[in-house]
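Visitor: Go ahead and model the full structure; you've got the sequences and the hints to work with.
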Amino acid sequence: MYTNSAIRPLIDITKRARETKTILFYERDKVQEICEEIKVLKQATEEINDTESTSEEVHTSSGKLCVYNAMKEKELNAIQLYHFQRIRKTKEAACKETRLPQNEFNRLTNWEQTFYNKYEQLIDNYNSNCPKSLYLNDELHVPKEPHVVVRVMENLERVMTKNGIVEFLKGSQAVVREADSTIAKLINSGYLKKINK
Amino acid sequence: MSRIFSLNELGHAGSSRLSRPTRPTRELPDIDLDIDDLTDSDTEDEKDQETQLKDAETSNDYEILKRSLINEEFSPEILMYQDKAIDNLDKLIQEQDAVSKDMLVTHERKKFGMLLFSGTDRIKYIMEKYLLCRRNKIETQVLSILSSPIYKERLSTAELTHAEDYKMLLEDYLKAELKLPNDCLEDSIIKTFEKKPDLSKTVFCRVLKNIVPRDAQDTAIQHEPGDVIMDKYAYMRDALKDNSVELI
Numbered sequence: 001m002y003t004n005s006a007i008r009p010l011i012d013i014t015k016r017a018r019e020t021k022t023i024l025f026y027e028r029d030k031v032q033e034i035c036e037e038i039k040v041l042k043q044a045t046e047e048i049n050d051t052e053s054t055s056e057e058v059h060t061s062s063g064k065l066c067v068y069n070a071m072k073e074k075e076l077n078a079i080q081l082y083h084f085q086r087i088r089k090t091k092e093a094a095c096k097e098t099r100l101p102q103n104e105f106n107r108l109t110n111w112e113q114t115f116y117n118k119y120e121q122l123i124d125n126y127n128s129n130c131p132k133s134l135y136l137n138d139e140l141h142v143p144k145e146p147h148v149v150v151r152v153m154e155n156l157e158r159v160m161t162k163n164g165i166v167e168f169l170k171g172s173q174a175v176v177r178e179a180d181s182t183i184a185k186l187i188n189s190g191y192l193k194k195i196n197k
Numbered sequence: 001m002s003r004i005f006s007l008n009e010l011g012h013a014g015s016s017r018l019s020r021p022t023r024p025t026r027e028l029p030d031i032d033l034d035i036d037d038l039t040d041s042d043t044e045d046e047k048d049q050e051t052q053l054k055d056a057e058t059s060n061d062y063e064i065l066k067r068s069l070i071n072e073e074f075s076p077e078i079l080m081y082q083d084k085a086i087d088n089l090d091k092l093i094q095e096q097d098a099v100s101k102d103m104l105v106t107h108e109r110k111k112f113g114m115l116l117f118s119g120t121d122r123i124k125y126i127m128e129k130y131l132l133c134r135r136n137k138i139e140t141q142v143l144s145i146l147s148s149p150i151y152k153e154r155l156s157t158a159e160l161t162h163a164e165d166y167k168m169l170l171e172d173y174l175k176a177e178l179k180l181p182n183d184c185l186e187d188s189i190i191k192t193f194e195k196k197p198d199l200s201k202t203v204f205c206r207v208l209k210n211i212v213p214r215d216a217q218d219t220a221i222q223h224e225p226g227d228v229i230m231d232k233y234a235y236m237r238d239a240l241k242d243n244s245v246e247l248i
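Here the protein sequences come in this chain order: A and B.
Counted the way UniProt numbering counts, the first sequence spans residues 1 to 197.
Counted the way UniProt numbering counts, the second sequence spans residues 1 to 248.
Errors might be hidden in some of the hints.
Per the computed footprint, the stretches of chain A lying under chain B, defined by three or more beta-carbons under 8 angstroms from a beta-carbon of chain B, are [said to hold, decoys possible]:
id : stretch
1  : 33-42
2  : 104-113
3  : 116-126
Hints listed in this document are in silico derivations from the structure and should not be mistaken for laboratory results.
Being a predicted model, the structure only gives us computed values, none of them experimental.
For each residue, glycine too, the CB sits at the ideal point set by N, CA and C.
Guide: Written out as structure tokens, the structure is:
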């Protein structure tokens, strides 16, 4: 039985993943080892429950059942923590304005990539059902001034803002309204960069 | 070569030429003045009262939403969705944006336009924060919210749809990714994602109306408005619903 020798590395990886900003590779081998052991423990538990035994054997088998259940619970907890952490990271990436870079996207499993795409769609659907004047983004900050000075990082032709159609030239500076959803998207995507005074 | 765009240029970017009025524009009054009406001051009073009522309702909606945001952030469970306040404030934002856009065109009224913009931004921030706070709570407690009819009633239509879709997405992902027996998956992994609201969490409340302390034997002893009390959320739940207390 692996138990601690399999759980400990997975928990350490979960802790490390919590501290890093990027998504790490999926630990398929470790997760599969633990899943196999859970199946073995489940089978052993069923066998114990099925066999009729004497009162002495009942006492021993109840002890075994306790141990097996405790081991199974620990392993399920470890798996749950690891996947919960990965789901959280995938959700954070899906909520951002810019798409995940290809090298990070490749670190996700096929099912995680599906989760990422479907979650992005879910968020778009939710935002489309909210008031149109709002721009829902996880990186909200308290508005201090109505206008901000930005540096234009890429040429942008004919951007439709609430003040009318604006053209941004690369390398120039502009005074824009950050609360405008189009401008907020451009800032989050990296086309415009806020200049701190 | 860098260039700083001024606000006037941004505002006039779509038009072919700049329009600079030489004298301030005056708005025509809405009412048709007749010689008899000039002596009648009731119409003006009614209009003032109507404007004051409208202003009072608007500031009420803003205060209600601000208070709901604070309650939502500190409460362990999902609270009632403030659809009326959100709709009214959305209409206000649209009207105010249109007015402030016009004001920016005139040099004399530009500062008032900027003030209106600041006000609109603050209202938008509160609305966005409120909706995001609720969305995060729904996703964290999705299984327990969808299994309780009381919590389901507190969601808006958009939130309910989002919760149901998210739950399906989560279950499909876990079933596909984890090659575990079904009962382990249902009873353990998926159940552990079911975060129930912790009603025994301690919260701080400010009293708004007189309430009798929970363990007081004498009903004459009451918490008065302005008092700050600390208790478990489960005991403050009913008082919060009645607006007798607010979370701080």
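Visitor: Among all the numbered hints in the text so far, which are the ones the structure does not match?
Guide: none
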